[in-house]
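Novice: If you read the protein sequences in the order shown, they are chains A and B.
Counting in this note's numbering, the first sequence runs from 1 upward without gaps.
Counting in this note's numbering, the second sequence runs from 1 upward without gaps.
Since the hints were derived computationally from the structure, they do not count as laboratory data.
Just so you know, not all the hints are guaranteed correct.
The calculated EDC-like cross-link candidates involving lysine to aspartate or glutamate, where the alpha carbons are at most 16 Å apart (straight line), are [what the hints assert, rightly or not]: (1) Lys162/A <-> Asp112/B; (2) Lys156/A <-> Asp134/A; (3) Lys54/A <-> Glu214/B; (4) Lys65/B <-> Asp134/A.
So these bits of chain B aren't anywhere near chain A, every CB distance computed over 10 Å [stated by the list, open to error]: (5) Lys47; (6) Gly90; (7) Gly115; (8) Ala117; (9) Gly133; (10) Asp174; (11) Glu198; (12) Glu214.
Derived Cβ-Cβ restraints for the label pairs, each shown as a range [stated by the list, open to error]: (13) Ser187/B <-> Gln39/A: 52 to 62 Å; (14) Gly77/B <-> Ser105/A: 33 to 43 Å; (15) Arg152/B <-> Arg132/A: 54 to 64 Å.
Note that the structure is a prediction, hence the values are computed from the model and not measured.
Glycine included, every Cβ here is placed at the ideal spot set by N, Cα and C.
One letter stands for each residue in the lines below.
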Amino acid sequence: MSRRSLVSGTRRARPTVLGLLLCLPFLIAWADSWEGLRQASSHVTSIEARFVQKKNLPILARPFVSRGRFVFQAPGSLRWEYDNPVRSVLLMHEGAVKRYLKEGSAWREDAGVSLSAMQTVLSEILNWQRGRFDANPRFEASLQAGQETRVTLVPKDAAMKKMIRSIELTLSREQAGVMKSVRIAEEERSFTLIEFQQVRINRPQPASLFKDVE
Amino acid sequence: MNATLRLVPILAIVLLAGACAAPPALRPLDPALASSMSEVCGRPFLKGPQRLVHSLEFELAGGRKGVAVGVLVADPGTRTFRTVLMTLEGWVLFDIEGGESLTVHRAVPPFDAPGFAPRMAQDIRLAFFSPKGASPVLGREEKGSPVCRFDREGGGFTDLVRIDAGRMALRLYDAGGELRKSATFRSFNNAGLPSLLEIRSEDPSYTLRLTLLESEVLAAEGDVR
Numbered sequence: 001m002s003r004r005s006l007v008s009g010t011r012r013a014r015p016t017v018l019g020l021l022l023c024l025p026f027l028i029a030w031a032d033s034w035e036g037l038r039q040a041s042s043h044v045t046s047i048e049a050r051f052v053q054k055k056n057l058p059i060l061a062r063p064f065v066s067r068g069r070f071v072f073q074a075p076g077s078l079r080w081e082y083d084n085p086v087r088s089v090l091l092m093h094e095g096a097v098k099r100y101l102k103e104g105s106a107w108r109e110d111a112g113v114s115l116s117a118m119q120t121v122l123s124e125i126l127n128w129q130r131g132r133f134d135a136n137p138r139f140e141a142s143l144q145a146g147q148e149t150r151v152t153l154v155p156k157d158a159a160m161k162k163m164i165r166s167i168e169l170t171l172s173r174e175q176a177g178v179m180k181s182v183r184i185a186e187e188e189r190s191f192t193l194i195e196f197q198q199v200r201i202n203r204p205q206p207a208s209l210f211k212d213v214e
Numbered sequence: 001m002n003a004t005l006r007l008v009p010i011l012a013i014v015l016l017a018g019a020c021a022a023p024p025a026l027r028p029l030d031p032a033l034a035s036s037m038s039e040v041c042g043r044p045f046l047k048g049p050q051r052l053v054h055s056l057e058f059e060l061a062g063g064r065k066g067v068a069v070g071v072l073v074a075d076p077g078t079r080t081f082r083t084v085l086m087t088l089e090g091w092v093l094f095d096i097e098g099g100e101s102l103t104v105h106r107a108v109p110p111f112d113a114p115g116f117a118p119r120m121a122q123d124i125r126l127a128f129f130s131p132k133g134a135s136p137v138l139g140r141e142e143k144g145s146p147v148c149r150f151d152r153e154g155g156g157f158t159d160l161v162r163i164d165a166g167r168m169a170l171r172l173y174d175a176g177g178e179l180r181k182s183a184t185f186r187s188f189n190n191a192g193l194p195s196l197l198e199i200r201s202e203d204p205s206y207t208l209r210l211t212l213l214e215s216e217v218l219a220a221e222g223d224v225r
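Taking the hints into account, I'd like the entire structure generated from these sequences.
Specialist: Written as structure tokens, this is what we have:
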């Protein structure tokens, strides 16, 4: 997350220096233990952010970049929307997942081959947003506290290892309960990096955002 | 007599099937057009090593649709390529490398189905590489559109039809003269690359619509990895 986006994300609150000093121990400590992660995430009722997705492949000289918007509303609603280069929206609400694709000026609901896989992925993202990084028994989760706290998930299952080598979640030091980036590695030189920007938390989100494409 | 009568419908079907499979005859081309056709015959194909990124809409038999992103690195000089298909979210579904042989680096179900990789390789060769072999025969279709006809190794031929100034169509016929695949180049960008391309297969039935998102000329010939 850029410094600028962080500033814009927190401008609304305009914390005083005293307030910052009081919060500092909590901000530093929130990402240092599984319990700290769960505690911090329990205070986050909604997240909205822009994201930049960079796909790296051995045959790409530079990453293939997609941009969009991410909205989460506790307990289980997500909107994952790509603005470019291909407009699409993934919605998850009350356990149901839908994908829409923009065709010309209209949206078409897509029941393509990857939708069931995306249901699993979105459920996993929901776990992460709740601070339950170690909830999935199919992954070995480890926490590395430091300058930038990282959670690394490695598949236990040999079949899944062929699909995903690791998932690395970098947590925001500045915003408790917020992820800064996600790196999903399929192989050493084949990975997807998603960076979140302009993150705003705990703003009420209408339910329609997670049910309707428009 | 009765036996002969019973044979009539069978004969009719055989004759009709033969008529359907008859390759479209070429009519003579206006000599004034012939000189400009050499440019047309090579127009839709890659001229050198390229890296292309497409959005790819596919429609399978039964109306099942989906969207993916395709990355293609191809060298028409060596007729080698590597292509990766991934979801919009970046999950790699399919990764193959083609040259003298075909190597499947990754194939996630249902893309691991037998025959999928060779079909994909054929689609790439059809749409991006100029057909191998001798110079094409020039002619025109019944409707008048100019055609470059390329013989194919192992029988059959490929017709490249200039529909109008901005559109071209490739039609791949098997040795029996039956249409197997077609590729329609709906538009070209300023660099001369097809920006909208539709590939249609008859058996199995599917349609791919490719929209060019990014392109890059590659300097190192022969290296598509």
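Novice: Checking against the hints above, which ones are violated?
Specialist: 4, 6, 12
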